[in-house]
Structure formats: C-alpha cells, structure tokens
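Working from the sequences, and respecting the hints, build out all of it.
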Amino acid sequence: GQSLEQPSEVTAVEGAIVQINCTYQTSGFYGLSWYQQHDGGAPTFLSYNALDGLEETGRFSSFLSRSDSYGYLLLQELQMKDSASYFCAVRAGNTPLVFGKGTRLSVIA
Amino acid sequence: EAGVVQSPRYKIIEKKQPVAFWCNPISGHNTLYWYLQNLGQGPELLIRYENEEAVDDSQLPKDRFSAERLKGVDSTLKIQPAELGDSAVYLCASSNHGIKETQYFGPGTRLLVL
Numbered sequence: 001g002q003s004l005e006q007p008s009e010v011t012a013v014e015g016a017i018v019q020i021n022c023t024y025q026t027s028g029f030y031g032l033s034w035y036q037q038h039d040g041g042a043p044t045f046l047s048y049n050a051l052d053g054l055e056e057t058g059r060f061s062s063f064l065s066r067s068d069s070y071g072y073l074l075l076q077e078l079q080m081k082d083s084a085s086y087f088c089a090v091r092a093g094n095t096p097l098v099f100g101k102g103t104r105l106s107v108i109a
Numbered sequence: 001e002a003g004v005v006q007s008p009r010y011k012i013i014e015k016k017q018p019v020a021f022w023c024n025p026i027s028g029h030n031t032l033y034w035y036l037q038n039l040g041q042g043p044e045l046l047i048r049y050e051n052e053e054a055v056d057d058s059q060l061p062k063d064r065f066s067a068e069r070l071k072g073v074d075s076t077l078k079i080q081p082a083e084l085g086d087s088a089v090y091l092c093a094s095s096n097h098g099i100k101e102t103q104y105f106g107p108g109t110r111l112l113v114l
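From first to last, the protein sequence lines stand for chains A and B. Position 7 of the first sequence, counted from 1, bears residue number 7 in the working numbering, the numbering being contiguous throughout. Position 77 of the second sequence, counted from 1, bears residue number 77 in the working numbering, the numbering being contiguous throughout.
These are calculated hints, taken from the structure and not from any lab test. None of the hints are false.
Simulated pairs of lysine-lysine, DSSO-like, Cα-Cα distance not exceeding 27 Å: (1) B:K62 to B:K11; (2) A:K101 to B:K11; (3) B:K78 to A:K101.
As structure tokens, then:
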C-alpha cells in the first residue's frame, strides 16, 4: 500500500515563508502532487514533481527527493488568502492519486 | 471553460433513506473520479471511470453504493440506504484520459445523514 505523512497544522505570519513537508512510502513511485483546498471549496492543483529538484510557480515552489521519499511545498510572501489546507498526493504504479491527510495552514497578521 | 459541476451542493437526509449525487465533468475529459472526504482528511477514491467503464472501484462499498456513467459523460453516485457514517463531502473530479496527477475537482456535495 501507500502512506503519506504531513504535519496536521502550520501557522505562519503574513509576508513570511513557510515549508510544508511530506514523506511517503510506496512502490512504483511516479511523482508527487500538491493540492490546495480552502474551507468549503474544491481541491485545486498546485504542482507536480516527477524528478528530483525544485519546481517554481510564482510564490509557490515544490521540491522532491526520490531517494529520501520526501517532498515539500514552499510558500513565499505569505498572504492571508493562502490560509487553506494543503494536500500532498502520490502517484504510483497503476493506481490513482493517493492523498495525504492534509496540512492546515493558518496565516496570521 | 466550465469546471466540474456537481449537484446538489448540500443534502440532509434521514438514515436508511436513499440519496444520489450528480457530476458533470469538464468537456472532453475521459476520466472521472468520485472521492469521499471526511472532515480533516484527504480525499479518498471511491471509483474511477475511463469513459463509461468503471476501471477502479475496489474502495466502493458495493452493498450500499452504486455509480454509473452513461454515455461516458455525466455520472451519478447513489447510496441506498444511507447510514450515519456516510456523512461526508462527496467530490467529483475529472482529467484527461488515463491516470493523471492533475485532476480538476468539483465543489462537492456535503451530505449530512441524521
């Protein structure tokens, strides 16, 4: 089977940088995705890493280390609207995405 | 381009009653997913369709849950009879053909079983 671990809650100050970690255990690993979900809203795709390294998209970056079975989402210049839940999801083998339990990010003034 | 549409957005029913959820995926997306999301948890796959064929339904409780995707477009998820533990958000997502890391989710149906 597959398992993912990420912190349940993170709090950060507006304008700061926050990193949300995700470790996974799986066989046949293809890649790691990140999704954002505001309260009452739909999960929305943020990024996907299939290769080691850092992928940058505006204020958001995502990192993957396949050898460490580890990835993270980096949010810079935090804004209040970034308060949401962030899910890592692993794609492996011939199975659909398996989502982690999510990290609830609270951005405070 | 219109996103994934789901209805109803909210549903309150008494236990043992039937309930149905409807999903219209993004036009041209062959793959459709139904997920269940409990409070404070990530989405959990119930069933995946490739066109009109259910190709992954191992997590669907088949004694009470059923789904269909007639003509490979819209889909309906049904629960009969509903139980208290079925209270959750039911999310529909779609993607281009095959297993994709990029899925587009609808707003979900929030079900409360009393």
